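Chemist: Take the sequences, apply the hints, and build the full model.
So the sequence lines, in the order shown, correspond to chains A and B. Each residue of the first sequence is one higher than the one before, counting from 1 in the working numbering. Each residue of the second sequence is one higher than the one before, counting from 1 in the working numbering.
These are computed hints drawn from the structure, not numbers from a lab. Treat the hints with caution; some may be incorrect.
To be verified - Away from chain B, derived, C-beta distances all over 12 Å, residues of chain A:
#1 Gln12
#2 Leu105
#3 Thr106
#4 Thr142
#5 Arg249
#6 Asn251
Stated by the list, open to error - PhoX-like cross-link-like pairs, simulated, lysine-lysine; straight-line CA separation at most 20 Å:
#7 Lys8/A / Lys226/A
#8 Lys158/A / Lys340/B
#9 Lys304/B / Lys44/B
#10 Lys337/B / Lys215/A
#11 Lys304/B / Lys215/A
#12 Lys226/A / Lys205/A
#13 Lys132/B / Lys226/A
#14 Lys340/B / Lys214/A
#15 Lys214/A / Lys226/A
#16 Lys199/A / Lys158/A
#17 Lys332/A / Lys132/B
#18 Lys15/B / Lys214/A
Claimed, not checked - Per the computed footprint, the stretches of chain B lying under chain A, defined by three or more beta-carbons under 8 Å from a beta-carbon of chain A, are:
#19 266-280
#20 295-302
#21 310-316
#22 330-342
Remember, it's a predicted structure, so these values are computed and weren't measured experimentally. We put the beta carbon where it would ideally sit given N, CA and C, even for glycine.
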Amino acid sequence: MKTDRFDKILDQARLNLDIVILPAAFILVVILMTISTSFKFLTYGNISSILLQLPELGLFTLAMMLAMTVGGINLSIISTANLAGVIMAWLMVNVISPETSGASLTLQLLFVVMAGLLISLLLGAVNGILIAYVEVSPTLATLSTMILYEGLTLAITKGKVISGLPQPFVGLGNGSLLGIPKPFYIFVAAAFFIRVMIKKTSIGKYQIMIGSNKKAMTFSGINTRKVLMQAYMVSSLLSGLAGVIMISRYNSANARFGTSYLLLAVLTSVLGGTDPNGGYVRVGGVIAALFTIQALNSGINILGVSSFVSTMIWGVLLVAIIIYRQGVARYKEKYLSRLVK
Amino acid sequence: MFSSFGTSGGMGKLKRSLQGILRKSEFYLTIIFMIMVVLLSCVKSSFGTLENAFNILRSSTFIGICSIGVLVVLICAGTDISFTATATVAQYAMALMIIGRPGVPIVLVILLPVLIGMALGCFNALLLNWLKVPAIIICIAMLNAYYGAIQVASNGEWLYGFPEWFVRFPNILLIRFTNASGVEYGLSTLIVVWFAVALITSVILKFTKTGRNIYALGGNAIAATREGINVNRTRIFAFGYLGAIAGIGAIAQAMITQTSAPNALVGQEFDAVAAVVLGGASIIGGGGTVYGTILGVIFIAALKNGLTVLGVPSYWHQVFIGFALVISICVTATREKLAKQNAGGVTIED
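Modeler: This is the structure we're talking about:
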């Protein structure tokens, strides 16, 4: 009986080897980085800076993951975050009067953030309409909107930086609660929400189905357009949330913040088990991948490697991860067919 | 309806070819472009001059040349944005060679960047054929890998000091004019190189088997496979071709600026893709013309130039380009959908 159960767990582990390996990869990265930085990596300051940076990449990764799940890609995540961020910053600087304080300021800030998130939903709806109704390929649709959104951001900021945001708002991005940076809680909540959406609701099931076989879904009478719209809108909403955290952390907004996150978001999403062709996603895997990549990123920064070296590393790593993923998929197929026999 | 029965053979032919022209998106872009040029020239007389036209053409040589390669890839396989990094690698290698040994044969100076570009492009295609993921993901990865590598290898240093022929060649004017203040302007050799590349590509796409295969593959990959087209080989050709063209673009760019800077080209990839898409290339693959692409490049360059002439701040330019792009993809996609419905043909899916 006991061995039976153990066998079952072992089977499960073998079937999800790629996900099971990720925590091990994370620990390996931590150990390697700790040794190579002579224990600078494991200081409280560094760990809390990892937790501070993780939410931004995390939200972008979830946004990318959702687009990939439905068989697409969202290249406009960064420009969506920046456009929403710049509009929020503009409202905070120009509409909220500097004399406001206390509860009324909090309320007004809340309205501004709501407005920002609403705008990001709207930007996502534009992506969704282009992809679901006009039937433009996701790459070209989001590439075009990326250029448009970045253009609008540049026009609003006149190519400059908007800075000097109200103090309570800046505290959201830089403060901490129980020793953990506040943005981390936002990320945990968002990740939980996405996991529930994908695992427990029909929305999530449809998203996975549309990624694996759109035609079959259309024939089974499901409104594929609505499903695509939802996916791209939630993807944009997550980007907008990342925008909130970014402007609050930097105390400023700009058209060109966070451009390096695009590659990292694709990388982390694929490492976490999202199939770039759609139809397969593991939120847990993506979160494990996120910790691994963020630890690696932070370690590389501490080592003082130039940003170009890390650019190269990420590029090569993305290809390596895709190769690894394909290997795992082949292994899984073989193992499954043996199980069936 | 009845009138069409009554037309004689000659008239019918004329009508059909007229309808053919009216169905092409390039036709509408040409008209919009002309309206824009006329309007801008009316508002500002300095816009509609021949000198300005040649300046616009010359300054968009790099994007112009590259976008023709981007078109070839977009027709058959998807979006490649790694060519700016490829061009940077090719250009830097060429600059190192030419500055290190000024006496090196001209043939080698041209051949080296083209071959490097071709090799890197083919490598992208090999990865794509092997891994079977969307092209854009491989291209994002390789853009960063090549760019990071060249920055690290070059230490970010700019290269100057090209030999005399390299300085002189781009300033040769094949058609020469002199403006009021005595400055010469005209048809630069680089513009001729751009149009030569365009012409060759157009011939390849229209009249060779490989060219037809490229269209077939983009139109319907499964049907193409069943017809016996070697999908992998066609893709390698397209990406290799883009790489080679990026090499040529890199030479032209080095000739214009007389420097080779590792950070000068990367970042312009979206301009080229935007031009190709604006030029009416198919959104789902399988369509697009060299003429449309050239028009797309000139359209964007003229729009930017016109806005500058009108005194619109440069941070507004991208808004206009973005809107033009979004409208353009909507129009192209809708037309494609309608054409598919009208054709009513059988679609082959796996």
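Chemist: Given the hinted pair Lys226/A and Lys205/A, is their Cα-Cα distance within 20 Å?
Modeler: It holds: about 13 Å lies between the C-alpha atoms, which stays within 20 Å.
Chemist: Between the alpha carbons of Lys304/B and Lys44/B, is the straight-line distance 20 Å or under?
Modeler: holds (14 Å)
Chemist: Holds or violated: are the alpha carbons of Lys158/A and Lys340/B at most 20 Å from each other?
Modeler: violated (43 Å)
Chemist: Determine whether the non-interface label on Thr106/A survives the test: each CB of chain B must be over 12 Å from its CB.
Modeler: holds (33 Å)
Chemist: Does the structure keep Lys340/B and Lys214/A at a Cα separation of 20 Å or less?
Modeler: Satisfied, since the Cα-Cα distance of roughly 18 Å is no more than 20 Å.
Chemist: Would you mind confirming whether the straight-line C-alpha gap from Lys214/A to Lys226/A stays at or under 20 Å?
Modeler: holds (13 Å)
Chemist: Has the given pair, Lys15/B with Lys214/A, been kept, meaning a C-alpha gap of at most 20 Å?
Modeler: Between Lys15/B and Lys214/A the Cα gap is close to 40 Å, so the pair fails against 20 Å, i.e. violated.
Chemist: Keeping to a limit of 20 Å between CA atoms, is the pair of Lys304/B and Lys215/A held or broken?
Modeler: violated (42 Å)
Chemist: Please verify whether Lys332/A and Lys132/B have alpha carbons no more than 20 Å apart.
Modeler: Within the cut-off at roughly 18 Å; holds.
Chemist: Count the residues of the segment 295-302 of chain B with a beta-carbon closer than 8 Å to any beta-carbon of chain A: does the count reach three?
Modeler: violated (count 0)
Chemist: Between Lys8/A and Lys226/A, is the straight-line Cα distance small enough, at 20 Å or below?
Modeler: violated (38 Å)
Chemist: Over 12 Å from every CB of chain B: does Gln12/A meet that, or does the non-interface label fail?
Modeler: holds (27 Å)
The structure shown violates the earlier hints numbered 4, 7, 8, 11, 13, 16, 18, 20.
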